[in-house]
Amino acid sequence: MNNETDWDYLVPLLQKAFGETLWMVSISLLIAGVAGLALGLAVYVTRRGNFLENRIVFTVLNLLINTIRPIPFIIFVFAVGPLTMALVGRTIGIEAAIPPMAIMAAVAFARLVEQNLVALDPGVVEAARAMGASRWRIVWSVLIPEALGPLILAFTFLTIAVIDMSAVVGMIGAGGLGDFAIRHGYQRFNWEVVWATVAIIIVLVQLVQVLGNALARKALRR
Amino acid sequence: MDHAPITPTTTPRSTTPPPVSAPPATAGPAMTARGLAKRFGTTTALAGVDVDLDGGRSLAVMGPSGSGKSTLLHCLAGILVPDAGTVTLRGREVGTLGERERSLLRRRHYGFVFQFGQLLSELPAIENIALPSMLLGANRRQATELAAQWMHSLGLAGMEQRRPGELSGGQAQRVAVARALITGPAVVFADEPTGALDQATGAEVMRVLTETTRAAGAALVVVTHDATVAGWCDESIEMRDGTVVDRGVLR
Ligand SMILES: Nc1ncnc2c1ncn2[C@@H]1O[C@H](COP(=O)(O)OP(=O)(O)O)[C@@H](O)[C@H]1O
Ligand SMILES: [Mg+2]
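Chains as they are written, first to last, in our numbering: chain A, 45 to 266; chain B, 17 to 267.
Bear in mind the hints are in silico, worked out from the structure with no lab data behind them. Among the hints, erroneous ones may be present.
With the Cβ distance kept under 7 Å, some of the chain A side facing chain B (calculated, not the full set) [unchecked claim]: (1) Gly167; (2) Ala171; (3) Ala174; (4) Pro189.
In silico negatives: residues of chain A with every beta carbon more than 10 Å from chain B [stated by the list, open to error]: (5) Val55; (6) Trp67; (7) Leu96; (8) Val101; (9) Thr111; (10) Leu131; (11) Glu139; (12) Ile142; (13) Leu156.
Glycine included, every Cβ here is placed at the ideal spot set by N, Cα and C.
In isolation and in its complexed conformation, chain A is listed as follows (with noise of 0.2 Å):
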């Protein structure tokens, strides 16, 4: 359609589509690590021979991992918009991306979380306890600080899944840099700005798992 990319124009439209972009994934990146933590820790404790065993709490948590977890997040958006309208009001807009973004991501934090606690030696679990440590002391002071490196990997894992989310939903006019990139970019036939735009996409990326690999080198020999 045009050839000639008017980057005056686009510009600062691509300043607010990388804003929102932030916007949303910073806001649902901290509630996918408050409550996919305490979802995956709970998940742990709760496990058949840990020390909160409890079988209905841990098949129903286990139950709701497994099944958010698989659904296509184009498809999780629309099915959770009766959810996200009575949440925020709305089904379309910025606010709107907000709780598919953070349940889907909480769900898939919790399942790294929980991996990352059945990997300890349960051993150290059970020499706390011997101690006299209380459960919300083997909580903060044996399996967090054990499994520090590999969680600070999980959440850059979470953090780039989630940039990849916030993609998808420029679907419900969240706006965003993917979004971006498909009304000035695709839909106009400009490969200059899908390229731009995917470009910085890559070094937002990689910016958060270099950032992500040297926070965890650092948590793995203080």
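Dock chain B with the ligands against chain A, hints included.
The following block gives chain B with the ligands in isolation, referenced to the frame of chain A:
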């Protein structure tokens, strides 16, 4: 914290048991158990066991695998509640206290050394030692200072920042000994503390364990199936099928 200050030992290194004449720092019965019984389903793990522990003295619990040694240690330490019998700590019945109170008791009055140390692999040695003290409410600085003193007196100076993976088996067990003693416990429980070590290293760990608990005036219970290891203790009991079949005073 409500415990006596530590008394680090400065005895020279040796890998043979100290002379039989070593004076026991007896300070009245620390712990007494009468008629301890425990079943797991149809298995009788303990069938009426009596134990007397004095402060500053050590007891080796010997016997073949499955004879009930660990179950006895767990009942004495309040990790398990016996089906029958009593456990008293300094005259107070503690065997049948509730979960929460037993947990507090373990934190405050007992120290533990496990077969594989069970140190937190991501924490430096000094923080591993400081942990029980922090569980008792000491702040990080106090706990770390105390841990540093313990490391120094157990010949671990300079290894404060090493992680368990960077220590030898013997060093890791000495860290475990320091961790067991940092809170000034009345009783130290050790389940196969040399089980993962070679003979010489095991002897060295037993020397450090018996000397430091004796110097601290704590009673020590060591579960082992190795007679050489038991030889470091003041007394021994031999178990078979949940009962004590032999008792001996070694020194
Ligand atoms: N938690 C448990 N559940 C079922 N049986 C157990 C349990 N703990 C110990 N036992 C059984 O009790 C007996 C004594 O075990 P234990 O005290 O561990 O012996 P030891 O430490 O001398 O090897 C064994 O027959 C063992 O199988
Ligand atoms: Mg055993």
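Status of each hint after checking the structure:
For the restraint placing glycine 167 of chain A at the interface with chain B, the shortest Cβ-Cβ distance is roughly 5 Å, inside the 7 Å limit, so the hint holds. A distance limit of 7 Å between C-beta atoms decides the matter here; for alanine 171 of chain A the minimum to chain B is near 4 Å, and the interface restraint holds. Hint status for alanine 174 of chain A relative to chain B: holds, with the closest Cβ pair at about 5 Å, below 7 Å. About 6 Å separates the beta-carbon of proline 189 of chain A from the nearest beta-carbon of chain B, less than 7 Å, and the hint is met.
The beta carbon of valine 55 of chain A is kept farther than 10 Å from every beta carbon of chain B, the shortest such distance being approximately 46 Å. Distance check for tryptophan 67 of chain A against chain B: the nearest CB is about 34 Å away, which clears 10 Å, and the non-interface claim stands. The Cβ of leucine 96 of chain A lies farther than 10 Å from every Cβ of chain B, with a closest approach of about 12 Å, so its non-interface assignment holds. Every C-beta of chain B lies more than 10 Å from that of valine 101 of chain A, the closest at about 19 Å, which supports listing it as non-interface.
A cut-off of 10 Å between C-beta atoms confirms that threonine 111 of chain A is not in contact with chain B; the least separation is 33 Å. Look at leucine 131 of chain A: its CB is around 37 Å from the nearest CB on chain B, clear of 10 Å, so calling it non-interface holds up. Listed as outside the interface, glutamate 139 of chain A is consistent with that label: its C-beta sits roughly 39 Å from the nearest C-beta of chain B, beyond the 10 Å cut-off. Distance check on isoleucine 142 of chain A: its Cβ is at least 34 Å (rounded) from any Cβ of chain B, clearing the 10 Å threshold; non-interface status holds.
Under the 10 Å C-beta cut-off, the non-interface status given to leucine 156 of chain A relative to chain B holds; the minimum distance is some 18 Å.
Hint check: no violations occur; every hint is consistent with the structure.
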